[in-house]
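*Asks:* Position chain B against the provided structure of chain A, taking the given hints into account.
There are 2 protein chains.
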Amino acid sequence: MKNYIHHHEWKIIEKGFNPELNKNSESVFSIGNGRFGQRANFEEDYSGESMQGSYVAGVYYPDKTRVGWWKNGYPEYFAKVINSANWIGIKVAVDGDNVDLHHCKVSRFQRVLNMKEGYLERSFQATLESGKKIGIKSTRFCSMADDELGAIKYEVKALNFSGEITFTPYVDFDVVNEDANYDEKFWNEVDKKVSNGLAWITAQTKDNDFGVETFQVTTGMQLALTKNGEAVSFKARKRKKEKFVSNQFSVDLAEGEKTTLYKYATIVSSLNYNKESLTAACEAALERAKDSGFTKMLKEHKAIWKQKWANSDVEIKGDVSAQQGIRFNIFQLNQTYTGEDVRLNIGPKGFTGEKYGGVTYWDTEAYCLPFYLSTSPQKVAKQLLVYRYEHLQKAIENAAKLGFVKGAALYPMVTINGEECHNEWEITFEEIHRNGAIAFAIYDYIRYTNDHNYLAEKGLEVLIAIARFWSQRVNWSIKKEEYVMLGVTGPNEFENNVNNNFYTSYLAVWCLKYTMECIEYVKTNQAEAFGKLAKRIKFKEAVEVERWKDISTKMHYPYDNELDIYLQQDNFLDKEQILVKDLPKKDLPIVQNWSWDRILRSVFIKQADTLQTFYFFEEDFDMDAHRRHYDFYEPRTVHESSLSPCVHSILAAKLGYEKRAYQFYLQTSRLDLDDYNNDTEDGCHITSMAGSWMSIVKGFAGMRIENDCLTFKPFVPKQWKGYAFKIRFRDSLINVDISKRKTNITLESGHPLTVIVNGKDCEVK
Amino acid sequence: MKNYIHHHEWKIIEKGFNPELNKNSESVFSIGNGRFGQRANFEEDYSGESMQGSYVAGVYYPDKTRVGWWKNGYPEYFAKVINSANWIGIKVAVDGDNVDLHHCKVSRFQRVLNMKEGYLERSFQATLESGKKIGIKSTRFCSMADDELGAIKYEVKALNFSGEITFTPYVDFDVVNEDANYDEKFWNEVDKKVSNGLAWITAQTKDNDFGVETFQVTTGMQLALTKNGEAVSFKARKRKKEKFVSNQFSVDLAEGEKTTLYKYATIVSSLNYNKESLTAACEAALERAKDSGFTKMLKEHKAIWKQKWANSDVEIKGDVSAQQGIRFNIFQLNQTYTGEDVRLNIGPKGFTGEKYGGVTYWDTEAYCLPFYLSTSPQKVAKQLLVYRYEHLQKAIENAAKLGFVKGAALYPMVTINGEECHNEWEITFEEIHRNGAIAFAIYDYIRYTNDHNYLAEKGLEVLIAIARFWSQRVNWSIKKEEYVMLGVTGPNEFENNVNNNFYTSYLAVWCLKYTMECIEYVKTNQAEAFGKLAKRIKFKEAVEVERWKDISTKMHYPYDNELDIYLQQDNFLDKEQILVKDLPKKDLPIVQNWSWDRILRSVFIKQADTLQTFYFFEEDFDMDAHRRHYDFYEPRTVHESSLSPCVHSILAAKLGYEKRAYQFYLQTSRLDLDDYNNDTEDGCHITSMAGSWMSIVKGFAGMRIENDCLTFKPFVPKQWKGYAFKIRFRDSLINVDISKRKTNITLESGHPLTVIVNGKDCEVK
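Sequences listed follow chains A and B, in order. Every letter in the first sequence is one number past the one before it in this note's numbering, and letter 641, counting from 1, is 638. Every letter in the second sequence is one number past the one before it in this note's numbering, and letter 45, counting from 1, is 42.
Hints should not be assumed to be uniformly reliable.
You can't tell identical chains apart in this list, so a pair holds if it fits in one copy or across any two.
[Claimed, not checked] Once the Cα atoms are required to be at most 30 Å apart in a straight line, the calculated DSSO-like pairs of lysine-lysine come out as:
1) K757 / K656
2) K88 / K154
3) K61 / K203
4) K476 / K551
5) K398 / K68
6) K68 / K578
7) K238 / K739
8) K476 / K546
9) K723 / K129
10) K68 / K314
11) K237 / K303
12) K551 / K12
13) K477 / K551
14) K391 / K240
15) K182 / K203
16) K582 / K403
17) K578 / K477
18) K61 / K182
Rather than coming from a laboratory, the hints here were simulated on the basis of the structure.
Okay, chain A solo, but in the shape it has when bound (with noise of 0.2 Å):
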């Protein structure tokens, strides 16, 4: 937990250098425009703490699995997005000695990241051991206008001497992952190129023994410069190596005199271009952002983040922390995922840093998907959807190593291209939940959208391969006469290879039932297509339906008669029922103070697992059915993944437990900013952040789609004066404000539509 980032509604404010903090700040003062990010590592050399990190979305590489004992059927690669060139990177030299902060005094030194506008601001004094001392402020942003530049702009004052200011920028390529498995540095260098104010390198991702294709990216620089406001022109010592190329120049400033260095960057990968016209898009991109300078390009980026914010923004009345912390997390989803290309997705910590390799989890469908249906046109969240459907062969591939059959698709538990690339067999093969959310994610995509054409179109075929799975994972109990579904992990991790998990098999049930239902819809109404589906995929629609059905009114959900509820798996009941409150509170987290055998054995969840089927399914329970497990489940819940508390708080605030939905709440909101795991150095929770915003959206609102209406059942924690916040829905995008006296629900653009508040329909015109 740490307490260093000053509280504004709009700003992410650090003040004083902190080399301590300085890891966990490159983290949450990250920028990135859907297509690459950076963190917030300094533009001029630093030697203290840092950890460099360029990411390009979509450019990865196969690292080699690393296990103590190889099982059967494990992957064979890791897929990792990967640390690209360094193309920030500005050296500084004051009469020929370099700027490091590290070996400075520094003062007035400032971070602010400006979310309303998307950009980041640094600015310090820096007395070197000459005595003299310089400002130095910097701006950049990664433009959301043209997602090819990066600019930003280096401001050097002579605070106390009249000197030489020599600036060194330039494009490195020879960047590591810190988590690499075999140590091995990632890029080879292809070509490269330096003039006057220009230079670029093409590298390549090294060859791989799994047959993963190579990426190629080139990252170019073009640079301008001023003193005192007026452009100067600058004859440049050129200097190549090995995966590197620079400028160098200097300016000769007198006390209190000033320059600027405006440095424009292109990143363009072979995803976009032939690897041949790489260079050409390179030096096109470059001459874009020359004719357009630094003024221009930043006002066409805050364009697009008025829009971002003019659809996604939450406005929290009376709470500047609670503001600030709902903000950032928007912020960083939007700056995520722009949903404009349908190979990407959303990595764990997005472009924040490197851990969980941007790979892609179930928390896309679970947590995400959400926050983008309601806060972006239409098409992101489809993409979304999109992107597994492009997957679904590889699923099918899948699934056919683990011994499945006729098209059963097994989606991987983590992923960049489709291969499964976790590798403990506990998650990897057993996991398989996963498989569930990415079904509901298709139900949930339709409800919101009322955009049926996507099962015929794509939907249906996942859901028939999905639904082929389950029917396959199942198998008959002689002893119980029931379904069982054997060996599954669920959600809640702290449990491996249990019998049984009611989330799981219930999910999978409505999985075969959902499926059944589509298969109709689409039978009835697109006939045609449905039947060049079934022939396709070889759906023997009568066999397969009939087991199906069988599966879904014979399946064992394990159940305790005297307490009334579903129980997480079989036997949960024999474990040792103790509960979270009686932990000593040095055991916790418990996964960092005890054996992970304890924790398998203990009573104790990691995140929502029952619960998370009450989420999902709340229409299927009774009010005291979610009370009776609520009240059985929370208090043996310990919250160790961040993406628990929302569904806790979202649950607790549909039963009216204000002040614990409320907590939940605060436990992920300001995860990051206040650090609260002692982990945000690695990066920030991004697919997390989307649970707070489902905290306020779905909890404190209570937002739900019922009979293709919007409905809100709000309350205001007594923390706050009131909360707005803004929902697209089809074709409508609607302000909703919400005070302690009522529920004020505007219309912003498009068509006038009714919603029901407190069971009330409301004209929003």
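*Replies:* For chain B alone, coordinates are given in the frame of chain A:
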């Protein structure tokens, strides 16, 4: 499955040069003396497929643990017996051309392992590119009479030319482990010496980050040369390089003449000497070898083997293949472990390969102990018990790491120095039945030897610590109103993290009961010793024993009333009940053909698990129960562990399933000779070799200890005429000779005794 070893009653014979089988033969033809061992690598250079292996028992390195995802409680290192200096190397050149069988025409190649006398012979003719043809014969052994010495007699004959033979005998410490986690070399040179006819190197294991002691080993050689049988003096060219010393000298041979190089090697280590006195010890040992000479050394070595066979031979009449198989097993067990040094134990591959790192498993207690108990002086088996006693404090620390308190001990799954070195959570933390096997070994030893003094001396302290572990490892189930043991892995590693594994729970309760019994015994017979122990280990007898009693009487054992059998674990009958015979052949072994999750949720059993209970505690169950359990579990067992068939063989024999008993026996008796599992090149399955012996003695001959008396219920497999074996029982050595007509038991040495054969007393005089 291979079939190239020629059958012979006392010898292992390979004829013809088979480069593709070389690594396999290197394992099979390995030699050792309990102190060090050597794979059957060639003395001269060989650039074909080969795995160099020279191992010094107890000299290990803690290699940094490699895992995919770190779990709390994992050990930091994996201690492994490392490859030590190559002491056999002799480069040979003919008129300057190096002899390397990979580049020669090879004829009359033959390898013979003389098991009766314990030495390895290899002979061949090689034609070099020049057309020059030599005949070579090498004889080598690791002396059983002086376990610091090895010796090689290396004869070279000029077959079709006159010319110069150059020998370069060397010692090379620049060796690697093929399975090093991080591709490191583990040795640093400390010192070396080369003089005429003598050289040595002292090397030290690299420093490590784990506070584990470093070892020094000095490996030396002493040389002697003859020509046509006459001693020849030589003036060697002496070479030293990093971790390498050699002598080089030449002999002129006329066509048909022969030269013989004697290379005596010494291996001494800091296990047995101060590091400062290692080189002196080495030189003293070389002096001993020189004084004795090859013939005398070999004679003394053979004398020890004669003695070993007199104690441990099994003779099979009418089946040379079976005879060779069982003698190979006995030979390997005898050369792997001699009981001379309490710090040593029996690695799964002995001295025949580096796989599994030479560590100790529960194999020692459950499989090997009975062999040594019955075929070696009593102190040999006792040393195996004391080995665990010496590790008791580490086992208590190990349990403490996992959250157990008050002197509870969890012995490691694999270890060299007492520290847990296994890093799969489902085994490391959960395959805890090993703790019970260590307690059972104490019982087994005392039952066999009547050495009750061992309890007060050491055994009881171990038993109490183990009982304390079980007492904390169970918890009370409010649902079952019984004690349960959650989250365990039984011997059947095809199940992980199951609840109430019958074998483990039964064994745990047995441990509690036996410990209580032993406490009573020691209290009664050695009250003072008991008082001291109780005080030292803070034994709260009343409270602790009270709980043990409670657990003993209220333990949950999964049971099916319909089938009238104990279930391997809770809900075992939920699994799809198919049998091994129903599996397609191509699916076997499932560990190679099925994904891990499929194996886990299948009914298939890797190795005796529930049936292991019947093997250990047969007196607790009647014949009908034996039959019901065997008939249920056997058809579901795939025997994909080499430790499995022997237990099934013994039970089948008991049940009168003689044919099946013999089939199981065949699965292990020639496992390595015929390379059943296609993995002998990694090393031989040393620990499961004891199972072959058990199949004969406990299975076919039905040997048991009942009421302090040896009993037999023998039958002769129909493929055999008869069989005979030696048994040491307390002060007596007997020969048990079983033919189809009768069983003849004679006293070889020691006191006359009464044994029971088929229920009838039989005086052995």
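*Asks:* Given a CA cutoff of 30 Å, do K757 and K656 count as a within-copy pair, a between-copy pair, both, or neither?
*Replies:* Within one copy only: 25 Å inside a chain, 81 Å across chains, cut-off 30 Å.
*Asks:* Should K61 paired with K203 be assigned to within, between, both, or neither, using CA atoms and 30 Å as the limit?
*Replies:* both (12 Å within a copy, 27 Å between copies)
*Asks:* One pair to classify: K582 and K403, alpha carbons no more than 30 Å apart. Within, between, both, or neither?
*Replies:* between (51 Å within a copy, 21 Å between copies)
*Asks:* How do K476 and K546 come out at 30 Å by Cα distance, when the copy is not named: within, between, both, or neither?
*Replies:* within (21 Å within a copy, 33 Å between copies)
*Asks:* With 30 Å as the alpha-carbon cut-off, assign the pair K477 and K551 to within, between, both or neither.
*Replies:* both (10 Å within a copy, 25 Å between copies)
*Asks:* Reference check for the pair K551 and K12, CA-CA at most 30 Å: within, between, both, or neither?
*Replies:* Classified as neither: same-chain Cα gap 62 Å, cross-chain 64 Å, threshold 30 Å.
*Asks:* One pair to classify: K391 and K240, alpha carbons no more than 30 Å apart. Within, between, both, or neither?
*Replies:* neither (34 Å within a copy, 51 Å between copies)
*Asks:* Within a copy, between copies, both or neither: which one fits K68 and K578 at a CA-CA cutoff of 30 Å?
*Replies:* Close across copies (24 Å), not inside one copy (38 Å); limit 30 Å.
*Asks:* Is it within, between, both or neither when you check K68 against K314 at 30 Å Cα-Cα?
*Replies:* Neither: 54 Å inside a copy, 43 Å across copies.
*Asks:* When no copy is specified for K238 and K739, does a C-alpha distance of 30 Å or less occur within a copy, between copies, both, or neither?
*Replies:* neither (65 Å within a copy, 88 Å between copies)
*Asks:* Quick one: K237 to K303, C-alpha cut-off 30 Å, is that within a copy, between copies, both, or neither?
*Replies:* neither (40 Å within a copy, 76 Å between copies)
*Asks:* Are the CA atoms of K578 and K477 at most 30 Å apart within a copy, between copies, both, or neither?
*Replies:* between (36 Å within a copy, 25 Å between copies)
Going down the numbered hints, you'll see the structure goes against 7, 9, 10, 11, 12 and 14, while the others check out.
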